[in-house]
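A.B. asks: Fit chain B to the supplied structure of chain F, relying on the hints for placement.
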Amino acid sequence: MTDEVDLIIVGAGPAGMAAARTMAKNGARVLLLDEQQRPGGQIYRGLDASPAGYLGRDYAAGAGLIASMEAPEITYEGNARVWRIEDGPRVLWSRDGETHVSAGRALLLAGGAQERPVPFPGWTLPGVMSAGAAQILMKSAGMLPRGAILAGSGPLLYLVALQLIHAGAPPVALVETQTKAMMARAAWHLPGALRCSPVLVKGLGLLRRIRAAGVTRFTGARDFCAEEGEGGDVTFRFTAKGRAQEITAPLLLTHHGVVPSTHMSRAAGVSHRWNETQQAYQPEVDALGRTNVAGVHIAGDAAGIAGAEAAAFAGELAALDILRLAGKLSDKVFEARAEPVRVVLKRARAVRPFLDAAYAPPAEVLAPVGETIVCRCEEVTAEEIRRSVAEGAQGPRQVKTATRAGMGPCQGRMCELAVRGIIAECGGTPDLPRTRSPIKPVSLGEMAALAQGQPPSD
Amino acid sequence: MSIASRFLPPPKADGTVCFTLDGEPVMARDGDTLAVAILAHTGAATRTTASGSPRAPYCMMGVCFECLVEVDGRPNVQACLIPVREGMAVRRQDGLRGLRHDG
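First to last, the protein sequences are chains F and B. Numbering follows the UniProt record's numbering, in which position 184 of the first sequence is assigned residue number 184; successive positions increment by one, without gaps. Numbering follows the UniProt record's numbering, in which position 61 of the second sequence is assigned residue number 61; successive positions increment by one, without gaps.
Just so you know, these hints were derived from the structure itself, not from any lab. It cannot be assumed that every hint is accurate.
Partial pick of chain F residues on the chain B-facing surface, computed with a CB cut under 7 Å [said to hold, decoys possible]:
id: 1; residue: E35
id: 2; residue: M129
id: 3; residue: S130
id: 4; residue: G147
id: 5; residue: E230
id: 6; residue: V293
id: 7; residue: A402
id: 8; residue: R404
id: 9; residue: M407
id: 10; residue: C410
id: 11; residue: M414
Listed below are several chain F residues computed to face chain B (Cβ distance under 7 Å; list not exhaustive) [said to hold, decoys possible]:
id: 12; residue: Q114
id: 13; residue: A133
id: 14; residue: I136
id: 15; residue: G142
id: 16; residue: L144
id: 17; residue: R146
id: 18; residue: G220
id: 19; residue: G229
id: 20; residue: G232
id: 21; residue: P409
Every value quoted in this text rests on a predicted model; they were computed, and no experiment measured them. The C-beta atom is built at its ideal place from N, Cα and C for all residues, glycine as well.
The shape of chain B in the complex, shown without the other chains:
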């Protein structure tokens, strides 16, 4: 489901970067964290739990681990703690990640 961002857009910045979220290109401001970039783009869930319950970033400071996404094939990355980078391939995480994804 496409859900509009729950936030008013951030002010324009000089630098912009482009990353993909589940293959869809998204523009973001250089210097923002990945969680900020995602929340500016969509109000939809960024992961689902083992039981399929939808979740999105909750604390924005590295405590809650609700913002876990897959970045360039690496699972369980805390989106609120890493800067968004040009060309980053981000995927929502459905259910739990297994060991086979590790490393």
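Just chain F, same shape as in the assembly:
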């Protein structure tokens, strides 16, 4: 902690990178921390290595932002696992078994999103992954799924399907849960969404090209179930058009949209609320990303899902506010710079209500039933959680005590939304689950092993 930077940013996706770039342009020093080796976030993973053409133009668009991280004002620390946030603000992070303590005048959390976990019987099989995981393999290593099934809903599902088609490894089937009725309801939001028409036009284009490629498509699918087939293949069963369907493939890739990553902000003491429309927790932030914790801003999908384009604008806006608070920008200059960003941010967010309505996750994902494993780490089933609520467990904390759901190494990241869904459906009290440091599992040795010259934490 020899020198204090002007801003510590956790997360090097669009929001974090745009904020870092804005700070650097104004001569402010930034420490940018990320779990990945290189900046880019999940959306631009692997972009600075050798991006494949089939990943498309939107992906390639992140190159400029990544290149701007070379500014001398920005120190990038990759493979950095942040496990504690303290007043100050101070951030404790570790890499290769060594702990580092970093101090800044301000902190911006830009941890982005994770895919909503999609629990159904068999989702723990080795041949079942999230669609985003397959896309990460495509982006970072050029690996292509062999004849995969894509199942669930949402724009990412279409995008991965088309990328696979362009790469010459088309999916064997596209199994969508949304129904015609959902699309009709979503149409109410079209006037607003049309302000964001390039996104809509792009979306329609995706669907047309997937159809043209001859990929088998099911809509209104439900009752997902996977079993191990021959040679490690996955046999995927579901109901569509009132009939039982069965497809066997080496890989089943599921997706039901993304949700904010809130473990960091929760552990930092930021207030959160339940977003009923997006069925996810999100931090309470104002229009500039300020939180109830002094010195802590949040930007990008970590503050509420709005997508990569909006995340970059939100990151820029938060950085401008942080510069103003530090006295590096006058109110007048701040207003002049922030106004155009506010305009494009509003436009980038306009499509969201339509997407939220059109691709809402189905009840079987939000509140699973029966023997479906909800907590993958501790192997707790939906039925066990339902029983604990019936026996009087109030809220996530008591469900955790009764069943161990959320006690494994992922610290609830994979189960807490489904646990909440079940508690809500069973008439319990679905409070915000508690999050404590360490936010990521860390060994006692790592806690003790401070890097040379680092002061111990209080």
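C.D. replies: Chain B in isolation, oriented as in the chain F frame:
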């Protein structure tokens, strides 16, 4: 059980490294994460849970903790978050790791 990779092989790269998975030598591309290298090699489980249920990497971004393996004697390493290195000795994890393995 030997299960073929569920992915088409990645493009060839200039640099290759060799690591071992349960003693078996595996070639990997320099710069890839350990989880990528394992998934390129096999479609089999990379760990089992306390009840013996087979698991493999699920999210590839550090969230799900399904890719936990033992690396050079250190248990519970998230394979999706570390680069594969020459000579790495990787072991699948069967069941839970106890404290005695720590450090």
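A.B. asks: Hint by hint, note whether the structure agrees.
C.D. replies: Structure-based check of all given hints:
Interface hint at E35 of chain F: satisfied, since its Cβ lies 5 Å from the closest Cβ of chain B, which is below the 7 Å cut-off. Checking M129 of chain F against chain B: minimum C-beta separation of about 6 Å stays under 7 Å; hint holds. Hint status for S130 of chain F: holds, given a least beta-carbon distance of 6 Å to chain B, under 7 Å. A least Cβ separation of about 9 Å between G147 of chain F and chain B goes past the 7 Å threshold, and the interface hint is therefore violated.
Checking E230 of chain F against chain B: minimum C-beta separation of about 10 Å lies over 7 Å; hint violated. For V293 of chain F, the interface hint is violated, since its Cβ never comes within 7 Å of a Cβ in chain B; the closest pair sits about 23 Å apart. Because the smallest distance between the Cβ of A402 of chain F and any Cβ of chain B comes to about 18 Å, over 7 Å, the interface hint for this residue is violated. The restraint placing R404 of chain F at the interface with chain B is violated, with a minimum CB-CB distance near 11 Å, outside the 7 Å limit.
The closest approach between the C-beta of M407 of chain F and any C-beta of chain B is roughly 12 Å, which is over the 7 Å cut-off, so the hint fails. A least Cβ separation of about 4 Å between C410 of chain F and chain B falls short of the 7 Å threshold, and the interface hint therefore holds. Look at M414 of chain F: its Cβ gets to within about 5 Å of chain B, closer than 7 Å, so that hint holds up. The closest approach between the C-beta of Q114 of chain F and any C-beta of chain B is roughly 5 Å, which is under the 7 Å cut-off, so the hint is satisfied.
Nearest Cβ of chain B to the Cβ of A133 of chain F: about 4 Å, under the 7 Å cut. The hint holds. Given hint, I136 of chain F at the interface with chain B, holds; its Cβ is 4 Å from that chain's nearest Cβ, closer than 7 Å. Taking 7 Å as the C-beta cut-off, the interface hint given for G142 of chain F holds, the closest approach to chain B being about 5 Å. Against a cut-off of 7 Å between C-beta atoms, the interface hint on L144 of chain F holds, since the closest Cβ of chain B lies about 4 Å away.
Interface hint status for R146 of chain F: upheld, as the beta-carbon distance to the closest one in chain B is roughly 6 Å, under 7 Å. Given hint, G220 of chain F at the interface with chain B, is violated; its Cβ is 26 Å from that chain's nearest Cβ, farther than 7 Å. With 7 Å as the threshold, the beta carbon of G229 of chain F stays out of range of chain B, its nearest partner Cβ sitting at about 11 Å, so the hint is violated. A cut of 7 Å between beta carbons decides the hint on G232 of chain F: the least distance to chain B is about 4 Å, and the hint holds.
A cut of 7 Å between beta carbons decides the hint on P409 of chain F: the least distance to chain B is about 4 Å, and the hint holds.
Going down the numbered hints, you'll see the structure goes against 4, 5, 6, 7, 8, 9, 18, 19, while the others check out.
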